[in-house]
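K.L.:
If you want the building blocks of each chain, they are given just below.
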Amino acid sequence: MAVAANTLLHVEHLTMRFGGLVAVDDLSFDVNEGEITALIGPNGAGKTTVFNCITGFYHPSEGRLGLRHGDAAVWETLEALTASGARYRSQHGGTLFLLERMPDYLITHRARVARTFQNIRLFPGMTVLENLLVAQHNPLMRASGYTLLGIFGLSSYGAAERAAIEKARAWLDRVGLLDRADDPAGDLPYGAQRRLEIARAMCTDPVLLCLDEPAAGLNPRESAELNELLLSIRADLGTSVLLIEHDMSVVMEISDHVIVLDYGVKIADGPPQAVRNDAKVIAAYLGVADEEEVAEVEAEVG
Amino acid sequence: MSAVGRESEHPHAPRGPARPVLPAPARSRLASAVRDSAVTAALAFGLFLPLIGFETVTNIRNEVTLQTRWPLLFAITAAMGFGRMFYTLTLEPAIRRRALRAAGAPSAWRARAGRLFVPSAIAFIILYPAVVLLLTGASGALKWIDNFGIQILIYVMLGWGLNIVVGLAGLLDLGYVAFYAVGAYSYALLAKTFGLAFWILLPLAGILASFWGILLGFPVLRLRGDYLAIVTLAFGEIIRIVIVNWVDLTNGYAGIGGIPRPTFFGIPFSADDDGFAAVFGLEFSPLHRTIFLYYIILALALLTAYVTVRLRRLPVGRAWEALREDEIACRSLGINTTNTKLTAFAMGAMFAGFAGSFFAARQGFISPESFTFIESATILSIVVLGGMGSQIGVAIAAVVMIGGTEIMRELDFLKDVFGQTFDPTQYRMLLFGFAMVVIMVVRPRGLISTREPSVFLHERKTISAELVKEGRG
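Sequence order for the protein chains is A and B. Mapping of the first sequence onto this note's numbering: position 75 corresponds to residue 79, and the numbering continues sequentially without gaps. Mapping of the second sequence onto this note's numbering: position 45 corresponds to residue 76, and the numbering continues sequentially without gaps.
Calculated from the structure, these hints are not laboratory results. Do not take every clue at face value.
Computed Cβ-Cβ distance ranges for the label pairs, DEER-style [what the hints assert, rightly or not]: (1) Gly74(A) - Leu334(B): 41 to 49 Å; (2) Ile261(B) - Ala239(A): 51 to 59 Å; (3) Arg491(B) - Ala239(A): 43 to 51 Å.
Small disclaimer: the values here were computed from a predicted structure and weren't measured. Glycine included, each C-beta is placed from N, C-alpha and C at the ideal position.
Construct the complete structure from the given sequences, taking the supplied hints into account.
P.N.:
Pasting the structure below:
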């Protein structure tokens, strides 16, 4: 089974069971490199569970989650890597990761998948700038000689920290929070906290950015700004984005590819226009049993 | 009618700290104060009736008889009632006004005083032995340098060490004294068995203590909050009980005596010809060693402070604070929370190990009595009272709590007031508890509850305590 060349994340037969409840059932999909992929579905469809599996917060009951860095030829080693029992392997000018085998922090650190949360998880008592520096923990840790050298001021840590601050400054400029850099993150208004969380995730240099309802609680103007931010991230850095979203103005406007989940099963997968007109999707969103009823409900609503 | 209407909404409204002071009429405030004090007096009466109202006395025929102490009971009840009235009428409005003022920006004068405080405090501590010598002479100085100076500095150091674990990383550790004990017994046993010098054993004791810190860290990594506190408490007791029972090694309850004292870089503090006094042409005095020990513990404490300040600006220190704020977010940013927690435990334990080996060298005798749970509780209350994460606050709290208990021994004039049988040290814990209640009412997050950011882009802004999380393991 060949994996398409521009596939970044290849999810196969992902199943997550909590006791008797099957939250995600045999789900397979691909996230393409340099695209914005939206994962949508009614409440309780299992979207966040999929996210938690991809980012290592849950270990899937079954399934394989392959992620590629570098050359697409590395996909050919997928079966060999799976058989070897290793977490990741570099070959053919690329590296292939099996995310289901990795703990959460290594997925961000090595496989470079960053995420945000549905209920914002900033460090409220630390400043905006400190939030972005914590996100650069691993490179700074190396620069400080794993603390041992940094504590005596022996290493080039100073230069590394200045570079990290510069990077944070660039991101703050981009999300329009530069003048609030020294304020505690918990003091920011809600929309700014959302933007800061995205900037913080981007400071980990991800190849794949997973956003869990980034537009939740935003007003239409803020949603439009979010669209611009995500499009600029894709355009300037080539970072692929996977997002869960209920706000259809965001989903339909910016995504290249939409996957629809209902009760843990994929019911549609394709470009936004095709998904929008898919009868199964409409049925799931309207909460009716089958496609015939959709016409009736639509007629009633007008 | 209008007064009654306003009164009913005034005293029962929630008493938030930032609630504006309403210009309530004096009559209604007095009425609510009277009602409050009546309730307090009734509660006090109910509580103290069995405790103070009755007393069992064995009479001359060896019979137990029940006696009443009505005057004392009524005096205490009245005192509680009037105390409460005093609080509602004067202190409470003052606290509320202060809370309102604190919401505004701190004045420039306070900012300048804050900047000058640390250098002047360090200068005072360095000059302290000389000041004491001038004021009290050689005979009185020993007590002031040893009981106050060294004793307080040991607790300052322990407080700063625990501050890393509790204040920065937000891991509630109730068994901190275990690492203090490991440091003390490491020094005592290795010095007595192998005759190694203090300066070699000091780092070794720190390493051994941090090794035990990591050993404790592993099983408690998954625990949070109350569960973490209970397991660390148990760990502290296990270490003590092992020390008590492993008589072959530790000599059990009898303790270890004759521990070699630190030398002045090889020159012992003795009255011999090659002792410190003879070598430097001084008259022998036990004060020399005490002053030397004072500067050792001062250097160790300052080292702790310096390392903590540096660590806060390094990625590991920021990761500790981030861990306290939100562990899940830390994991999503690629931070290995296991290692981060273990380094916090190891670092805190290391400083306790240093302090422990110093303690053993200073005392010359150690026994399990010195490492009971109450020590852990004292150190933790220093950290909590000082304000978690604040080094200055912790130092002030250590001075107040340890210096306060020591000064109780000095209050002999109270015997003239309360009679010769009065022993002020007996009331130590009572005053201790009272001071804590007062601080927790006035400053619920400790003396210095604000957080200083570790880095800034434009200007350093202090972060208010409401935003800083306390960490729950």
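K.L.:
Decide, hint by hint, whether the structure agrees.
P.N.:
Going down the list of hints, with the structure as the test:
The hinted window of 41 to 49 Å between Gly74(A) and Leu334(B) holds, with their beta carbons roughly 47 Å apart. Distance hint for Ile261(B) and Ala239(A): a CB-CB separation of about 53 Å, consistent with the stated range 51 to 59 Å. Separation of Arg491(B) from Ala239(A) is about 36 Å and departs from the stated range, judged on CB atoms against 43 to 51 Å.
This entry does not satisfy hint 3, going by the numbered hints stated previously; all others are met.
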